[in-house]
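Asks: Okay, here's what each chain looks like letter by letter:
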Amino acid sequence: MRKTLQKNSLQKAVAVILCGICSVAVINSQPIAEKSTVKTNPKDDIKPMPVYGHWKNFTTKEGLPNDHAYCVRIDGKRVLVGTHEGMAVYEDGKWTTYTTKDGLAHNGVVSIDVSELTGDVWIGTLGGLNRWSAGKFETFNQLNSGLPNDLVYCVYCDGKDVWTATGGGAGHYDTYTKQWEIFTEKNAPMHEPWTYGVSAGDGKIFIAAWGGGVIEYTTKTKQFKDYTDPDGEMEIDLLPDDGPVHDITTGTTYGDGLLWVSTYFGLSSYDGTHWKGYFDHDSGLASNFINFVRAKGPVVFICSDKGLSSTNGKSWVTYKKNDKNGDGVAIIKNYGRIDDSTVDKTTKELPMAPCVAHNFVIGVDADDQFLWVATEGGVSRGELLK
Amino acid sequence: MKASRIISVIVFLSVLGLIIYFTGGKWARTHVNYITATGDHPLNCLSCHLYTQKSGFIYKLVNKKYLSPFNLAVSKDGSRLYVVAQEDNSLLVVDPQKRKVLNRISVGNLPHSVILTNDGQKAYVSNQWSDNVSVIDLASAKVIDTLNTGNGPAGLSLSADGKFLYVVDSYSSNISVIDLNTGEERKRFNSGNNPTGAELSPDGKTLYVTSRRALIAPYGETIETELTVVDEGIQRIRDRRNIESAYMMENVAFTPTGDMAMITMIRPKNLVPSIQVEQGWMMTYGLTIIEQKENGRVIQLLLDEPNAYYSDPFDIVITPDGKKAFISHSGVNTISVVNIDSVRSLISKSSPEQLNSYSNNLGISSRYVIKRIKTGADPKGLALSSDGRLLYVAEQLEDRISVINTESLETVGSIKLGGPRIVTVARQGRRLFNNSGHTFQNQFDCYTCHPDMHEDGLVYNMASKDMGRNLTNTQSLRDIGDTPPYKWNGKNQTVYKQDGMRFSTVLTRTEQFNYKDLDALTAYIITGIPYPPNLQYNPNGELTESQLRGKAMFERTKDSYGNVIPENNRCITCHTPPYYTNLKMAYVKTLAVTDDSMLFDTPHLNNIYASPPYLHDGRAATLEEIWTKYGTEDRHGRINDMTKNQLNDLVDYLKSLRAPTYDNIVTKKFHAKN
Amino acid sequence: MKKHRTTIVSSFIMAIGFTCAFFSSCREKNKEGMIIFTRSAVKSNSTNFDKSDSWRYIPQAQILKLDPEKPEASEKVLTTNFYSAHSPEISYDGKYLLFAAQQKQNDPWQIWEMDLNDLKSRQVTSSKENCTDPAYLPLGRIVFSKYSADDTLKAGHSLYICNTDGSNMKRISFNPFSYLASNVLSDGRILTIGRQVFPEQGVPVYMVLRPDGTKSELFYKGVEGGSLFSPGLETNNGKLVFIESDKSNFGEGNLISINYNRPLHSRVNLSSEIKGDFHSVFPQKSGRLLVSYRKSESDRYALYEFDPEKKVLGKAIYSNNDYDVLEVVITGKHERPKKLPSEVDMGVKTGLLLCQDINILDMRPSATFSKSSKIKIVGIDSTLGSVDVAEDGSFYLKVRADKPFQIQTVDKDGHILRSPCGWIWLRPNERRGCVGCHEDPELVPANRVPLSVKKSPVIIPMHINKVVEKKVSLE
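Chains as they are written, first to last, in the numbering used here: chain A, 198 to 583; chain B, 4 to 677; chain C, -9 to 465.
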């Protein structure tokens, strides 16, 4: 992995990753609402892009165990946050922290998902996987179970199945049969076993494989298909919209019939036929260095090293914190209906005080009212502006 | 000439007969002494060779098919009993007034529980060895549907609105939620370890599911067994309560007012050196009581007395007036009657310290146990008539239902279900297996540590030498007849020896079985304990791709680098089919510092998935841990060259191993070499 | 006609046969067996436990047999060849009578066995010291009390077992207690009245132990100020009956019943409504009791039936103004107690003792007391050692077998916290556990690993560094 990074002169990325967080933790999880596999025409839903404000930031001062927040997941009335020092749960205005003393596999919590069926919380850590059910932690690790590897970068619940992206391949755990399957370069079209993201939609599993693009696994047929960048691992996307912008993928998410794929070199979407690339120079994307993506219906939230962006494919809203103080700005581009005739093609900046806690954004989740953001400088909550 | 020839023949035959008699007799004595590990077992060939046949004509001749009633339900009007006949794979419809079986409805394999719909029109029967539930139309007495479940369906409960069926999957440790509209399983919760009992609270909001096996934890940690609490309204797990120092929580009942839930349980003493039976040093039995209020306490009260133990509590029912609880103790053929007001009074007047002390006090039961009612062999499921006046008891090894008047607390009748009238040798053996009468003060029986004739998942300090040494993981008794020797150290060459004198000296600490009983017990253990089907991992004998890859790993002769694996370090060498043991002793470098030097009897591996924890002292919580944590030196098979995928494949294969009978493999007869 | 006659004759014969069988079976059913009882002209109220002239040695006592159907007419003295005889006990097959007797006035008391068929007696023991209170054990063994005065016991009666021919005699109690009036419970254990004789006299209690001398423990503690007089005998409904005095009439007996299942807390005085004294009791198969009873001190003890359900005396079966009826048994087969296996290995020199938590006291939580951090092991004549208890209050000792010792709790400064426990002994290879210190005997151990067993046991006496034991093979 590091060889590849060095080869591509991604020194900045390496520096940020090594300094900011203890490991390259690319986090992905998927809200329940958009796990529908029904593909809809974007034009049928022409709601304008949601914009969030009235930010409130949470750090250790407010009760977080650590300001390095790796992931965030909304679970009904509570919010689950993975941090460098355990999982923090925000409920009724209070934070409660769970660590290895409570049964957590490792205090570095980098991914959280909630089973739609059972309500069980699945927690990916840097030392194994936890099922947190009705207050009890159960640990799966590479020594006591079929979990491929203890570095669980991403966990995703798809019905009765739990998928993990780990340092030793993608793992599939069937909660009914209690059996594990491992997918690595040995039995899947991967470049190497290192996987960073996994998501599901439309009967398919999308694995973000390091250096291997996106691995699509059809659950019914158990067939694999891989999507790689025809340009290989070149930093520049020579041929636009020819596939994922890069083979080093950091996350996948599926919503409203679109697969979104994040890389350190830009964002891609795939509608089943065509790929489309998005870059900081030709869209509202804050940065090409993307840690994580999460789709919610037609909107996808993109966590980058320079702020949080969101888009429905046309309109863009990016939240950025000022370098000098806690204030920030929402940069709105192409705002309006998706129908071209109603789009405001000007870029507007909406001052926000405060804004997101830190511009190095690693995790995000949203519901009808709030947007929660995990950053390197704490957790932020924005309210939907009407 | 003719006469002399005849005389010669007679003389010859006589001499031959005498030679055979004396030398044969000597040989027979030696043989029997070896088999029984005694010097005075009667030289009765039949007692061993007749009753230990596992199949064939003789097996059929000396054995009978019993009904074995296990659980039961009563219709609202009290006119019908619905009895699960476990060994008959049927639901029996019984007229309790006429004491007559009206109908026999075939269901799946090894049915476990029965539940009736509120309108009394349907019955649901869980089929533990079929992984499904039979839906029975009671008017036509026919199975009208079959609902698929998780592995080993046992306890059943209907949702308050009758739209969902909760099925406790005892083998896979799940709770299946079945939508009765569609017949489909809507979701499956993870539960405690080996759950069985399920009961909905009187307000219909909470479902309690009790577990039998303790959660797997390193030896020395407090035993904890999960009570899984389901919020019925939102169909989510609301709570997972770890009940401390208890296991085998078979069943649960709520008081009609819903202020308490009462759960049958065993409080084992596996962490205490097994140095005596006196003063409850091996097992105690009682109730876990959970107050149903905010911050409700968990209280444990024993049902035993200082010199009398009431082993293997199984079912519990509470009268509609909430005054009495009845608990079946299958190990002592007894029903305990508990005055619930006395329990309430005791609890309300006691400090937390006192309550904590009561959980280990044998005398406290005199404050609330008001009667012990004797029953026939092995009382299991209980059911009350809707007016609460009659209690029906399924006497499993009697093929009978006994009827108890709940006012007079006397047995007022019994209903014979029509099983064989004679008690075969193996059946008698099963009765002995399930009865604590052969343990000092009835403290435990074979079944206590070998529930379902399997194992209880606990590790014991048998204190065979010094205390604190030589921990022992309980071993399964399923189909062990062909896998001598016995015990981890292989010291017992036969089941006879295993259950003979040493058994009474180090375990039961009372008079050993007499030879007739020992013959019967041995016959049962050798012939009567089949493996359940491996429906979870190998339902039809067709291995998955992963299992096939694992099989190749299991049978491989070369490692991943192409090096030949020494024969004695290959899986297949020691774990030879069909039982996956070569019946030999082996050293696999798993001795702990607290173990005395010894070799281990190679364990059999069929249904090994159902026997965690693993290794002789139970240190490996999962199959994976045998090698990832405790086999790092490549002495327990060549393993360190394997990738994680390969290890997963191997484990998948091991989990697929099942009894040879399911693959129509005929095994050898019972044998013990001499 | 002939056929008809044959039928009538056959029927007649059969009817007679059935009638005979019916009456004979009825008669058999009603019959409890012959009554064997002890009588004495001399009144003895001595209850010394530490002297050889204990109340168990009754001068000029006789053992008699009588038929309960015709008590007065059938009376027959069985021990005419003895100066005194008592403590009758019937073998399980009903064929033999075991008793203690003196042939001549100054002879030591010995154990004898009589064949009830020919009434011939055979001497079982040949001891220089008095032997008394024999009881049958399974496997052709008996238990009895034998007086001795030695370093261990100082002076009193120890329990011994031997074969019925007197061979293979072994002592099984090894503490300074005097044990008398033993009986064998159906669970196979010996129930005996034990009383501490050193360093000071204790109160008599029922102790119970296995026939190999292991697992000795308290069974029943009498009422305060009272005393126990007779063997505790089991009824066929799970109770034990015996005679006990109380403060109000010390030296005279009440008829007491306790439950086997919970002996310490189930005492019922069956004779509370009856004026007078009881001396002995024997349960019949019918559930009724045979008792020796007198109305007042001026009367003689006579033999009565007693209904334990109604708590009323029945008719007098036998009385004699010249004698007290002292003990009674009934002939006939009766259930053999369980044959208990033995863990004793005479090749081993020590036993192991584990205490789970020395700070568990009575039923109260330990928090209300000063916690002990050390124990002192005290022998008859010297302190055998002091041992630090583990953090959880447990200790684990390897103690020289068949030697009595007491355990005393001390705090970290060596101050004695609580009085020592009763005298304990361990048999060779015995492994024994106790839950706490002076704890409620109804308490069972908590299910936790005692920290002390994670190490090797401390050898007692502590001046011994190593015990070279016979190698005990693994079970």
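Treat the hints as calculated values from the structure; they're not laboratory data. All of these numbers come straight from a predicted model, not from anything done at the bench. Treat each hint with caution, since some may be false.
Computed footprint of chain B on chain A; a stretch qualifies when at least three of its residues, placed anywhere within it, have a C-beta under 8 Å from a C-beta of chain B [unchecked claim]:
hint: 1; region: 303 to 316
hint: 2; region: 377 to 383
hint: 3; region: 481 to 487
hint: 4; region: 490 to 501
A virtual CB, placed ideally from N, CA and C, is assigned to each residue, including glycine.
Asks: Taking the hints in turn, state whether each one holds.
Replies: Hint check results:
no., hint, verdict
1, 303 to 316, "holds (count 3)"
2, 377 to 383, "holds (count 5)"
3, 481 to 487, "violated (count 0)"
4, 490 to 501, "violated (count 0)"
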